[in-house]
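Colleague: As you go down the protein sequences, you meet chains A and B in turn. First residue of the first sequence? That's 2 in this note's numbering, and the numbers climb one at a time after it. First residue of the second sequence? That's 2 in this note's numbering, and the numbers climb one at a time after it.
For the record, the hints were derived by calculation from the structure and aren't laboratory data. Accuracy of the hints is not assured; some may be wrong.
Put simply, identical chains are the same to the list, so a pair is met inside one copy or across any two.
SDA-like mimics (lysine to any residue), calculated; alpha carbons at most 25 angstroms apart, straight line [said to hold, decoys possible]: (1) Lys-190 - Glu-221; (2) Lys-190 - Ser-222; (3) Lys-4 - Arg-186; (4) Lys-190 - Leu-220; (5) Lys-52 - Arg-193; (6) Lys-199 - Gly-149; (7) Lys-52 - Lys-70; (8) Lys-132 - Phe-23; (9) Lys-190 - Leu-259; (10) Lys-132 - Ser-69; (11) Lys-6 - Arg-186; (12) Lys-199 - Asn-109.
Just so you know, these numbers come straight off a predicted model, no measurement behind them.
There are 2 protein chains.
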Amino acid sequence: MEKIKFVEVGPRDGLQNQTESFSLDFRIELIERLVNCGVESLEAGSFVSPKAIPQMQDSEKVFEALKSKAVDLSFLVPNRKGFDRAVTAGVRSIALFTATSEAFVQKNIRMSIDDSMRVFEEISREAKDRKMRIRGYLSTVFGCPYEGRQSVTSAIELTKRLFQMGCDEVSLGDTIGVAHPRQVREFWKDFRSELSVKNVAAHFHDTRGAALANILATLESEVRIFDGSVGGLGGCPYAAGASGNVASEEVIWLLEGLGFETGISLEELLTTAAWLETHLKNPLKSKLYRSAPKHLYYHKV
Amino acid sequence: MEKIKFVEVGPRDGLQNQTESFSLDFRIELIERLVNCGVESLEAGSFVSPKAIPQMQDSEKVFEALKSKAVDLSFLVPNRKGFDRAVTAGVRSIALFTATSEAFVQKNIRMSIDDSMRVFEEISREAKDRKMRIRGYLSTVFGCPYEGRQSVTSAIELTKRLFQMGCDEVSLGDTIGVAHPRQVREFWKDFRSELSVKNVAAHFHDTRGAALANILATLESEVRIFDGSVGGLGGCPYAAGASGNVASEEVIWLLEGLGFETGISLEELLTTAAWLETHLKNPLKSKLYRSAPKHLYYHKV
């Protein structure tokens, strides 16, 4: 069986877009439960200002509580200050965030893309010296809420720069969930004519209900790393009430059913989603979760 | 551009699974609006007992109000009595319903599959004499809530019988939305080795969020007729809170984006969904609708 690497982003990308406040114990338990499902790569937190994003405060303590686990716990660092906190905490894996859209980067981290890349190049040099793992996020690849459709060329150029600065993996994101399977097919075709996808991840949102179709279209290329958020945790900040990250359990159900090996237990993931939901104000948006466990016997195809 | 035939099932399959009561005027206006979107084939009502399914009472009046439209208005007839009502009303297009699952047919129409087929054969003979169009529905093709996974063989055999008795079209349904893209691929491969899919429709539910992926997988075969329900109207009677019929606007968005011609306006469909929602107790489940019109400029790929 061909293997797929799955990266769980719920504990950072998911929680950050929820309106509840979460205790440190809850955040740690969520990650522990996901690790027990078989997840080996997680976005575990971020080193941002607790005033800007209170959900992510004390990410140092999240790492401290979990650092003995034999999994990749990645922490987002938006800038130099965040990186210094990561170093002090002793984290071994960081994530950097930029986007193909100038307007989107400006609104999110108040820098131009070029300035953000220069900051990241400096951070990356030091991170590599410290033998840290680096994951680059490239957002708005298929479309931006401010600029509209994005060119494949800019995704290719920025991915190249992210690898050149030392990223071990680059995750290309359909940040607002507007990608269409046809666009996805054409994107990977163009992308692969310039770059290998060996260390490239695909990060889809289910805003239009097309995430699984887009993953199916992506699998026609050689991309074999996918992101997801348990229960579809997170929502979409650009369309109230809409879905955000594709639900991890839907991704695992799709992939395992297609014959790929993810190492993750779908049943455990659904149990984790059920536990998670008891901590939330609103029901999780994951359709697979909402229809389970009524027909759980169907999850295996 | 290759054409796709789209069949809108919201006014019958959708409304029937809602808990609200709907006025005759509303039902007629819903169909009128859908026709104005460009829809040419609709499941417009059914001739069932108004005690059993009050949402479908007075379907005669629905037909009377709309019979001058140059579209295919189909009415479900569950039995001889329903067929007689259809004849009296003067409808020109009927739909018959059976399933691959013995338990499912028994629970739904209180007959064995064989008995239902004999009743339908008698009805079909008379319908053909009267030059009526017949659409056959074959449900639970990919799975049944009572019996679990279904064999492709039974779908093939029953489809053959439905065509033999005079059906002009047969719609194969993933009634509870458990189909997986891999199962779908294998299904159509086996099915097509025995039967042409020229007049075969695919009817998917989005219970697990996989409807668009399943349509994408189906398009790899030569199936070119798809069903959907505006706004995802209807829900799933087998899993409370879960999605039911795939949303028409998601199907049209997918198909038009892939380069198929459906003749249906996505913008008008979204406007119809918005109007429809004002008549419902709960928000529509269609993800595309929920995220529109914020990024409407993206609907064209």
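Colleague: Indicate which option fits the pair Lys-6, Arg-186 if close means a Cα-Cα distance not exceeding 25 angstroms: within, between, both or neither.
Modeller: Cα proximity of Lys-6 and Arg-186: in one copy and across copies (20 angstroms, 24 angstroms).
Colleague: 25 angstroms Cα cut-off: does Lys-52 pair with Lys-70 within a copy, between copies, both or neither?
Modeller: Neither. Shortest intra-copy (29 angstroms) and inter-copy (61 angstroms) distances fail the 25 angstroms Cα cut-off.
Colleague: Should Lys-190 paired with Ser-222 be assigned to within, between, both, or neither, using CA atoms and 25 angstroms as the limit?
Modeller: Both ways: Lys-190 and Ser-222 sit 7 angstroms apart in one copy and 22 angstroms across, limit 25 angstroms.
Colleague: When no copy is named, should Lys-52 and Arg-193 be tagged within, between, both, or neither for a Cα gap of at most 25 angstroms?
Modeller: Neither way: Lys-52 and Arg-193 sit 41 angstroms apart in one copy and 60 angstroms across, limit 25 angstroms.
Colleague: Under a CA distance limit of 25 angstroms, which applies to Lys-190 and Leu-259: within one copy, between copies, both, or neither?
Modeller: Classified as both: same-chain Cα gap 21 angstroms, cross-chain 16 angstroms, threshold 25 angstroms.
Colleague: 25 angstroms Cα cut-off: does Lys-190 pair with Glu-221 within a copy, between copies, both or neither?
Modeller: Both ways: Lys-190 and Glu-221 sit 10 angstroms apart in one copy and 19 angstroms across, limit 25 angstroms.
Colleague: Have a look at Lys-132 and Ser-69 and pick one of within, between, both or neither, based on CA distance no larger than 25 angstroms.
Modeller: within (18 angstroms within a copy, 75 angstroms between copies)
Colleague: 25 angstroms Cα cut-off: does Lys-199 pair with Asn-109 within a copy, between copies, both or neither?
Modeller: neither (28 angstroms within a copy, 51 angstroms between copies)
Colleague: With 25 angstroms as the alpha-carbon cut-off, assign the pair Lys-199 and Gly-149 to within, between, both or neither.
Modeller: Neither: 28 angstroms inside a copy, 39 angstroms across copies.
Colleague: Within a copy, between copies, both or neither: where do Lys-132 and Phe-23 come within 25 angstroms Cα-Cα?
Modeller: neither (31 angstroms within a copy, 65 angstroms between copies)
Colleague: Under a CA distance limit of 25 angstroms, which applies to Lys-190 and Leu-220: within one copy, between copies, both, or neither?
Modeller: So Lys-190 and Leu-220 pass the 25 angstroms test inside a copy (12 angstroms) and across (20 angstroms) alike.
Colleague: When no copy is specified for Lys-4 and Arg-186, does a C-alpha distance of 25 angstroms or less occur within a copy, between copies, both, or neither?
Modeller: both (21 angstroms within a copy, 21 angstroms between copies)
Going down the numbered hints, you'll see the structure goes against 5, 6, 7, 8, 12, while the others check out.
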